[in-house]
Amino acid sequence: MKKLLTIAATLGLISTASVAVQASPQEDLKEFRAYFAERFPDVPFKEYVNGVYAIDQASREQWEAIEEFPPYELNIDNGKTAFNTPFKNGKTYASCFRNDGDGIKQDYPYYDSATGKVVTVESAINDCRSKNGEEPLKWQKGEIADISAYMAYTSRGNKTNVVVPGDEGATAAYTRGKNHFYAKRGQLNMSCADCHRSNAGNRIRADLLSPALGHTTHFPVYRSKWGGLGTLHRRYGGCNKQVRAKPFKPQSDEYQALEYFHTYMSNGLVMNGPGARK
Amino acid sequence: MASIKIRAKMSGDVTTVKALIKHPMDTGLVKDKKTGKAIPAHFIQEVTCEHGSNKVMTAMWGAAVSKNPYLSFKFAGAKAGDTIKLSWVDNKGESDSAETQVS
Amino acid sequence: MIDMKRRTFLKGSVAAGAVSAAMGAGLLTPRMVLAAWPTAAFEAKTVDSALDALMGSHQLEGSDKISIRAPDIAENGAVVPVSVETSIANPESISIIAEKNASPMTASFVMGTGAQGYVSTRIKMGKTSSVIAVVKADGKLYSTGKEVKVTIGGCGG
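Chains as they are written, first to last, in the numbering used here: chain A, 1 to 278; chain B, 1001 to 1103; chain C, 2001 to 2157.
Every clue listed holds true.
Stretch by stretch, here's where chain B covers chain C in the computed footprint (C-beta under 8 angstroms, at least three residues): (1) 2037–2044; (2) 2099–2107; (3) 2114–2125.
Read the hints as simulated data drawn from the structure, not as lab findings.
Even glycine gets a Cβ: it sits at the ideal position worked out from N, Cα and C.
Construct the entire structure; sequences and hints are all you get.
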C-alpha cells in the first residue's frame, strides 16, 4: 500500500488540485482526458473503451478469445425477451423510454430536476415496472442486468452523452460523485482515483488496474470472477469492499451520484456493452 | 429456452462450428456461502455434433470445463444451408440440443 | 474497430438464434450416453492414470505437429481459453489435460466424419500447470505441452 502511494507521489500524479478548486464539469473532463493522454501516450482516445485490454497485449489476447463467443450473449437474449414481454397490464418497457428504449443507454444517467434524483438505466427499469404495477427487480444481477445488457447492446457504437446542466441540483449530484471518486475510504484508505487514475496500468497483486477513462462504457459486465453478469453498482460495492470500506447499497444516492460523475468522464467514448472481463 | 447458441460458417470446404452453452458446470468442490454445504457436481459430460446422418464430433467433458462452456471445431464436407445439430447430456441426465444452418 | 464489428456480427446471429430450436430430452438417452462416459479417466488423479484409463496407455511421443494456443498467464483461472491444432493426419481424438488439476483429464474430443484437427474451448485451472494436448492417431499418442501460469484460483475465488 505504502509502495503504491510512493510510486504515485514519485510520478507526481496525485492530483489534489481538482478536489480543492471548483472546476466546471467541462473543465474536469478536459483535465481527466489530458491526464490519461499523458499517462498513456500510445493509446488512442477511442481505445479506452476496452479498459486494460487497451494497455496490455497478453490479457487482450485472452479477452479476444472470449469475445469469439462471449458468455454475455446468453444474457442479451434473456434481456431481449424480458424487454419485449408485456407486463400484466399489457404494456411493455418500450412505453417508458424514448425511441422505444432502443439505442438510448448513452444518455444515462441523467439528472431529473423534477424529482431531484439521478436516473440510471436500472432505476428507470424499475420505475417502469412500478408505473405498470409490477414488483421491482433486484438491483445487482439477474433480470435487471439482462435487460440493461440488452439496452446496452442496442446502444453499441453510440457516444456516451451524459449531461450536467448548470442548475444547482445537477451540479450538486455531479460534485458528490466526484468527491466520492477522489475521497479515500476503508481500512486500506484508498480512493477510486488511487487505483484507477494514479495507478492505472500498474499492478495490485496480480491484477492490472484499468484506467477510469472509458470505465463505464462496457457495463453491465460479465465477469469471469462472478461467473455471470452484474451491474455497475454491483462492481462499485465490490470495489468498496476490496478497500475494506462498507459498501453503499446499489442505486443509493451515493452510487447514483458516483455513476453520474464517472460516466460523464467517459463522454465522447462509444458504448460497447455489455462487456466481458476477468 | 434454448441453452445452446451455435454458429456454423463455411470457408472453402471447411465449416467452423462455434457454440456457447448455458450450463453451471459445477465441480462439486465449491461450497455454497450461505449453507456451507458443497454445491453438488452438475456438469455436461458429452456433447455431440451431427451433420445429417454423420456424427462429426463427440466431446467428452469433465467438470473442469468452464461455466457456460464454449466449444469450437471444424469439419469438411458440408454445403451452405446444411443443417447441423449440437446436443449435450450432463451428469444428471439433463440434455438439450439445437440446430443451425451452415452459412 | 472490434466493437463495431461485434455489433454487426451479433445482430446477424441473434436472428439466426430464432432458427435454432430447443429439442427435448430423449434424443440422447442418458443411459446410452453415460455408459460411454469414461468415469475412470475423468476421476483419475494423475496424468498417467488418466491416460491409461482413457487410451489404454500413457506412452506419449512429443510432436511438433501439435500446437497449443493458451495464455502464458491466465487472466482468471476459471476461464482459460485453450485451442489445439494438429497437422497429424487422421487424428482420432484430441484430449486436453491440465497437469496439476485435482483430476487432470479435462476434455477429450473424438473426431468424427470429416472432422479437422482443431478444437477450442475454455477450461478451469486450479493452479499454475502444464496444459498437455494429446492427439491419438494411428494407434499412437502424440503430445505437446504449454505452461500456463495461474495467479489466483479458478474455481470461484
